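Two chains, two frames, some hints: make the complex.
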Amino acid sequence: MSDTLATAGRRRPFDPVLLYKALFLAVVAVFVAVPLLATVLGGFKSLGELRTNPFGLPQVWEWQNYAGILFSGRYWQLLWNSLVISSFTVVLTLIIASMAAFAFAHLHFFGSSLLLSYLTMGLLFPAATAILPLFIKVRDLGLLDSYFGVILPQVAFSLAMSVLLLRRFFKDLPHELLEAALVDGCSYIGFFRHITLPLSGPILATVGTITFVQSWNSYLLPLVMLNSDALYPWPLGIMVYQGEFSADWHLILAFITLTLLPTVLLFIFAQKYIVAGLTAGAVKG
Amino acid sequence: MSGRGDAIVIRSRPFHGPAAKSRPSDGRLATALIFLPPALLLFTIFVVMPIGEAAWFSGFNWNGFGRPTRWIGLDNYRFVFDSRGFGIAFRNNLLIIAVSLLIQLPLALSLALILAERFRGAVLLRMLFFLPYVLAEVATGLIFSFIYDGDYGLLASIFRAFGAEAPHLLASTQTSMLAILIVVVWKYFGFHMMLFIAALQGMDPNLVEAARIDGASRWQVLRHVVVPLLYPTIRLSVFFAVVGSLQLFDLVMPLTRGGPADSSNTMVSYLYNNGISRMRVGFGSAIGVILFVICVTFAVTYKRWFMRNE
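Which chain is which? The protein sequence lines are A and B, in order.
If you read the first sequence in the working numbering, its first letter stands for residue 1, the second for the next number, and so on.
If you read the second sequence in the working numbering, its first letter stands for residue 1, the second for the next number, and so on.
If you are wondering where the hints come from, they were derived from the structure by calculation, not from laboratory data.
One or more of the hints may lead you astray.
Stated by the list, open to error - Straight-line C-alpha distance at most 30 Å; calculated DSSO-like pairs for lysine-lysine:
no.: 1; chain 1: B; residue 1: Lys303; chain 2: A; residue 2: Lys272
no.: 2; chain 1: A; residue 1: Lys171; chain 2: B; residue 2: Lys303
no.: 3; chain 1: A; residue 1: Lys272; chain 2: A; residue 2: Lys171
As the list claims (entries may be wrong) - Non-contacting residues of chain B with respect to chain A, defined by C-beta distances greater than 10 Å in every case (computed):
no.: 4; residue: Ala171
no.: 5; residue: Met203
no.: 6; residue: Glu209
no.: 7; residue: Ala216
no.: 8; residue: Pro228
no.: 9; residue: Trp305
Please read all numbers here as calculations on a predicted model, not as lab measurements.
We treat Cβ as the ideally placed atom computed from N, Cα and C, and that holds for glycine.
So that you can see chain B by itself, here it is in the shape it has in the complex (with noise of 0.2 Å):
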């Protein structure tokens, strides 16, 4: 990122230096002494400073009243990995990123070479499958917790319609996660889908008309043509995806609260449920200074390697 805004900076600097040099003193320090501090007081006080502070509290037993006085060095990350909950927590993470990337990616790509065309009630469609995203996470989760309901919800009647017994998806530790992934599944598709339509609609067609001259078939164009133009955007969506995955918490809370016996906790609702509700300060900001890390180096190892030159 900081790579692109040099470039810009660079090539926009012929317009600006002649005035500049030849005005000396044109008021520009000034406007910038009062144009940045708020902005940049703000993102100090509320952004960068809980972040270090976070690595300085991990360092202590602490329940946040008073001063941290209790030294324990580098424990809270030894409790942290040493906790099966956190294990688990973060095999939840690699497992959203799994189904994000192996199915919702598809689907997204698949809808979006249907609906970037042209026909009756397409935009309604992309609209309909845009929905959910727009909605919020706790509504979202509380709308599946009754369709998973085992007395009421919708996919309890299907099951006794079929005269079988309703399943408690939530309420069994080997199914809460797969009825996580499946309203993860639902909420964050139709974001990807209109990140591809965009790509697709700002594409030549020029390039798709003439290898059908040249006498490739659908699925040629498709796979030759097509989709390696889409590989920038593809490289964006699986950002996103996996970004999204690993901060993934209010979707859980309303649907399991990361239960039972932690088998559905994502990182941050495991960072939630044993670090802030109990105010066991160094514990959450070990997990903390952990998902930073994991976060960190993700977004600029996937940077440097894949979208070097967007």
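So that you can see chain A by itself, here it is in the shape it has in the complex (with noise of 0.2 Å):
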């Protein structure tokens, strides 16, 4: 925040907006920044501490809150069961709106575009509407309390963004390259593997990092479908958590730290993809 004031303060002689500027950027700064760290800290306070001392760094410093959680099998299966779901639930919403986004942006056939508009009906209402019906269809299809009976749901209900969003980016590629490769007897399924997918790497990179994290973060899908808890993702074990410990804050502060790290890593290193997946791409939607 000084950076700011200190920038502003070096262009211009003194600019009262600027410096009201700087302070609603503060405001919001500490607004969003304070339940954060106090997340943080809190998981190596103490309860005692928590209680008098909240905001500051912690006067012993609780290691074993961390490393009690980091050395269970817990939170390491929960991490495992979310990865094992996020990323079927990728790698599938991939293959399989990159094929249809294929198949919308290059063959025209009878009813195509109709096809196309009843695929992107699934963008106007959320899964919540028919998750009683949908419950019962997976349990029917014998999937319940399974990872797939949370993978497949989550592919379908991804498909209708991915499927826009790479339909856009195929169409975008230069049309000579089909033209030029159906001259030569290449065949679509062919220029599809060959061509159209190792040239569209940005966008399925956007589109499989939506997926991951929306895949990621999901709650109501796995509470609905899921019953055992050794198959349990991250959301819905750390919920199970807080209901053993409830009065345990600062055990309950450090296992949300620790669940929200691969988050927070993904965040940073996957920066470009995530903001522009998630806003971009809604966008484009």
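Right under this line is the structure:
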């Protein structure tokens, strides 16, 4: 924050507007950062200190709060479950959506735009609206309480947006490529595999990142479809943990911090795709 | 959306038309028959059919086991509309929309106007403000249930520092919804801010420059040049705010589970608490159908009225 003030001060003699801007940014930054910092630091405190010293640095750093969780199988089990569910969701979404998007981008046949409209209906309503029939369907398919009971509905719900984004990108690739390939006797499937997909790295990364973040954070579908703790992804596990240690806030805060750690790391390293995917991606949808 | 898709199809026909005509059996149909079914099948089974089934199940009094046999017509809809809880949940959804539009959107817009400019720390602040959007709703809810905690929470200690009694925000029917609304703003303003920043950065700087040269004040430039250019993005942001509010659920569960006394339910959490957790399939499906109708009506009307050219 002091950076803003410093650069602002250097540029012009004195401008009250810049001061207001800097103050405004400072207030919002505090509003956003304090809950996060308090969570991370709270995990290092004892329960007693949490009550007397909620804002400051811990007087005694209680590393065992974090260590206890890191050395428990439970934490890793939750992350593993989330990783399995999210990875399968991403891979299946990318394969199925890019095939459909390719067909909608390049193969014009009777009814293709109608089918595309049918698919994009999925953008109009949330998964929650039909969650009860979905539960019954997954149960009747024998997929209840299995990874795929969560994965398949997640893929189905992410298809509409993914197909739209991929189709847009595929259409923007130079048409001469397709013309030339077809003249040279390349099949559409060969063109898709050897030309379209290798050229589509950025959009696949974007769609993959959106799908991953959504799946990694999702709560309602796993809550409805899974019964056994052993399969719970972390958002469910964290709720169970909170239920067990209801008043031991120092442990809960440590647990929250550790479960958020992968998201924050991914955010730092894949910032570009996450921001592009979640904002620009949404705009294009 | 479909209108726009059609336009693109028509525009690109000339590229494909001749090739398609000269090679009648170049494998297009075969490829389509391989490439489309997985997506269409999954979408039909897990998205479209459940909606149709929700409409069908909503006519029954059914606990989900065996087959639905007790047909009760539209009674479930009557039960939903007569219940006090659904009315509150609907009102809460409207409240979330109001706060999203009246507080969150101006906040996001003004932050974007500042942070779209280049200065040291701007990128860092953008990332900081966007971060809450990436974090899971459940974790966010838990963080704030700590902050609001009457014994250990940050809020309680601020009150105690001033010698006041700590409030239990989440435990009172008067304040539970206020507590949730604060978290909603905390979590989602960064997303809208990013939408605006992207739009501002795509804007032609010459327009602002020209207005300044013509003697417009900073406020006039903002009011008459920048904001009008942002209208499409504002309309988009409103759209996402409304659609997002209508499906809010994950955030409510760790904070209040919709309580106390149904005071902080949203329509989806009401559906969960009264339909799913008690397996009242007919009743829950009726809520789902109502939510579906609200979402689709809103989306279609909004796009037709406000986003026709985009």
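Notebook entry, point to check: Which numbered hints turn out to be false for this structure?
Noted result: none
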